[in-house]
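Student: Each chain, letter by letter, is given below.
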Amino acid sequence: MSALRIAVCVKRVPAPGSRINVTPDGQSVDATNLGFTTSPHEECAVEAAVQLVELHGGSATVVTLGPVEAEEQLRYAASVGVERALLVSAGDGLNWDPQRTATALASAIASVEARDGVFDVILFGNESADSGGFQVGIRVARALGRPVVNGAKGIEVGDDVITMRRPIDAGFEVYELPRPCVIGVKEGINLPRYPTMKGRLASKKVAVEVIEGLDQPGGQARVRLHRPEEKASSTIILGNGPEAASAVVDLFAELGVLT
Amino acid sequence: MSEFPTKAKCVVIGAGIVGNCLVGHLARLGWTDIVQIDKGPLPNPGGSTGHASNFIFPTDHNKEMAFLTLDSQQQYIDMGVNNTCGGIEVAREPQRLEEFNRRMTSAKAWGIDAKLITTAEVKELVPFINEDIILGGFYTPSVSAVDSLRAGTLMREEAIAKGALQVFANTEVLDVETDGVYVTAVVTTKGRIECEYVAIACGVWSPRIAAMAGANIPLIPAVHQMADVGPIQVLVESNKELAYPIVRDMDTFCYERQSAGSMEVGSYAHRPIFHHPNDIPSNEESALSPTELPLTMDDFDPQMEQAIELMDMLGDAEIKYAINGLLSLTPDAMPVLGECVEVRNLWSAAAVWIKEGPGIAQLVAEWMTFGYPKLCDPHSSDISRFYPHEKTEMHVEARCAEHFQKTYGIVHPREQWASQRDMRRSPFYGREEALGAVFFDARGWERPQWYESNAPLMAKFPDVCEPREHEWDGRWWSPIINAEHMQMRETVGMVDLTAFNQLDITGPGALDLMQKLSVNQVDVAVGRGVYTPWLTPHGGFRGDLTIQRLGEQHFRVVTGAFDGGRDEHWIKRHMPLDGSVTFENKSTSLCTIGVWGPNAKALVEKIHTPQRGEAGLDNESFPYGSVLDRLLAGIPCTMFRISYVGEFGWEITTKMEHGLKLWDALSAAGQDLGVVPVGIGVYAVTGRIEKGYRLMGAELESEYMPHEAGLDRPKVKAVDFIGKEAYVAARAAGASTVMCTLTIDDHTSASGIERYPVGGNEPIVTADGSRILDAHGRVSRVTTAGMGPSVGKFVLLAYLPPEHAVEGNQNLRVMYMNELYPVTVARVGSTPLFDPTDARMKG
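Line by line, the protein sequences are chains A and B. If you number the first sequence the way my numbering does, the last residue is 280 and the count never jumps. If you number the second sequence the way my numbering does, the last residue is 1695 and the count never jumps.
Since the hints were made in silico from the structure, they are not lab data. Glycine residues also receive a C-beta, built at the ideal position from the N, C-alpha and C atoms. Warning: the hint list may mix true and false statements.
[Said to hold, decoys possible] If the Cβ cut is set under 8 angstroms, some of the chain B residues that face chain A in the computed set are:
1. E1157
2. I1160
3. V1376
4. A1377
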């Protein structure tokens, strides 16, 4: 088996946990107070790529389509062990629907593969944390003519095949895919590591290759974003200290967690 | 939850360490009907307290800050939330070892157990440190980390238990209302509360809340980067929150603090990153909290490299949590405390760190209760210290940017600001510049400290013009100062005093107001000026100034640039609101030249044109202490026969537009009388110290009273004044400390270099190196240090308890840079070293 070559595709998305405001024109997210991160499924995909390389050798390349700021997400992947980084330029990142994104990514990956060799497996997150289209990985696979399975909770690399499994109600489905292939990874496949300080410093030395992908209009256009009404939440204080105990027990009984 | 009230005595805004401790201390002082609100949830509403590293290194060169920190640490101990782990400041650069000697000296002054330790000893305490890159350490066993959120909860609960407090979380302030003079109400998302007092204790948001009432709290939220990295095996195995001392890597401006199994790495080395209070996200918009912003990694990378260099194990630890944490910075790096100058009963308790939080809360509570704190003098934290130009966003940002990276820096007591200079210039500035003036900043005023044009005089006075051997002692100083001094005492000097604050008080109520504020009798004849202290309600010094009676209903208060703002606020705060007193700040329309020396009279006479009926300038017609209008070079001037340097002469004041002509006339007329321009180095240090004159903020602080400073008169005036009762009682009980003048007998250090203290709270100790405390626990320390060129000695001012305050006492030492130097008590009380009978000055 030649050295394993993995690509892992990630997307720069607003960090979760806070209210996401929309710009007045409704066309984008107001980034004033936002941090950015990688979608959780993709963080797991990065971790899976790193673990596979640790196990089998070879190399992993992180790929993103996005604005120049998305270099932050590439370096984050580099800081946890990915050796190579590819930024597919997307200008200001506006109106990149799944079709247009997949076209650009597939063309960029194809051009890199023509130069450096085919990726044995291209990992995606199952879906992105912001738009959640569930499409890009499948579209890239189709464009490249490769098999694809989503929802991976386990990946094993063999000499000829890549075995992937995903949970169903009754157990697991197991797939064997030929190399090269595309796999959509689901959160829970692993526990992504945090970068170490040395990893962060090393990531600064990783060269980010910027490449123009094929830019063809997609089939969707954004009308406008809107922020849904927040659900009001309230807190009931059951009491302070030991005197709260009986109220807590009552609540547990009501919730049915006491047996 | 109780209903939201519509009325309260006091609303405290903020439930961080300061707000929580403030409600606790107010309740202890008997306040009731307090309402505390915070826009965030409890117990962590999302301000700076919530992400603080919570550690306390008690040693500080600044007395006020050291005192408040020690007091706070004791409060944390009393609350059971203080975890003592020890702390080591490590040096990478040789000059840092020198600084450690200075820190040892300050530790001695404040009674903090500390020692210098070798690299090997550092390694013993912190086995995972890279000893190859450090030169030694400054170890303080009492360094601790505290649980500031728990402390806040305890203080709130105490006030609630007393029935004094209602607390409302998730309640945002929408407006703060005033009636134009007093604060009247706070409007919140839960309703409007009418109240008599409002205390703003909401950290980085304080400027925004103050602005709602038309007030200005000058601070800027700034980023302090911090990362929590772990797990680290050696820390996990310790099975403790803090098994190892906290390390401050002083020369890289970083710290490493264990937090159970991981290490917090914090930095003050990155570029200054500011956020306007209005740009801080809301709790809902924040992933973590409003003051825990996403770390900007690029800024932190260099610090990570340095941290790994110091502790290699950090490199392999995972970055689990990393923030751009917001904290409050002010233009001079001190807190902003006290009543806002714009609105009565609107209080600021802002720009406070965990280490000094409880102490400052107590101080502000006392201030609100008694009119001035008892705990210690808030002189350098007082919000009224700022002048208008110092409260602009531009100034705040410029100065904060300048001092942010000095957080762990080695800052000389005389160090000058580089930014925001040339803000205020006297009319003489151009002449002074041409004379090679070296300008020091005095709250915006550019004041000549000395004149390079006087350099040739050093050859005339070689005995007192030796350069200082040690660079630190001679930094921001020149022997030219001593030459100027000698020449002034021989002929005559001109001193630019335009930085004076000149405050005119007029109207039928003016006399009563001045009497109420002043210890000394100010009901004097028109044309007389008096020196007087102003006291706090507890009898301590609140002001130190002169008052000229320019008319039956017209008084002019003249005070220094460093106290002008505070004195103005004190006057306004005590002014009746019935219109019987009018206040006018004349400072920027007047300029003043001090003309002093044996030839002063001859010089002024040369340009004096006596008007009809006027007498001359001799002692009889213009006696000491009188204030008279005179025409000099055709310019109407007000001349005050007084001196801060102990020579015959006047403070000559005229309108700003006449200033340049007056300067030129004096300068020209003085050529054959040996006139020299004289800088503030003489006025504020050498000339003053030889005469034993006290300075507000140095010798004179609210912890001391006039009879202790040697500024008491034989009788206390009959008319009532602020602080009289306490002062009279203390006076009757006798002084437990006395201001003394000391001289250094031998300057030679262990290394053979002659050292000259710079006057930064160096302790006066017994021969065996023990601290000296008076009956009230006040430590003896140097309040001013400087050369006395005319007495040929290096002079120190310090308070000493009576048993040590004995003239000729040679059993004491001054500690400077961790070495002891022998001193002699040369004077006890106010009698000066130079010209003890004041014959030269009074003529």
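Student: Hint by hint, note whether the structure agrees.
Tutor: So, going through the hints one by one against the coordinates:
1. E1157: Holds - the Cβ of E1157 of chain B comes within 8 angstroms of chain A, reaching about 6 angstroms at its closest.
2. I1160: 6 angstroms, holds
3. V1376: 62 angstroms, violated
4. A1377: Hint on A1377 of chain B: violated, closest Cβ of chain A at ~66 angstroms, above 8 angstroms.
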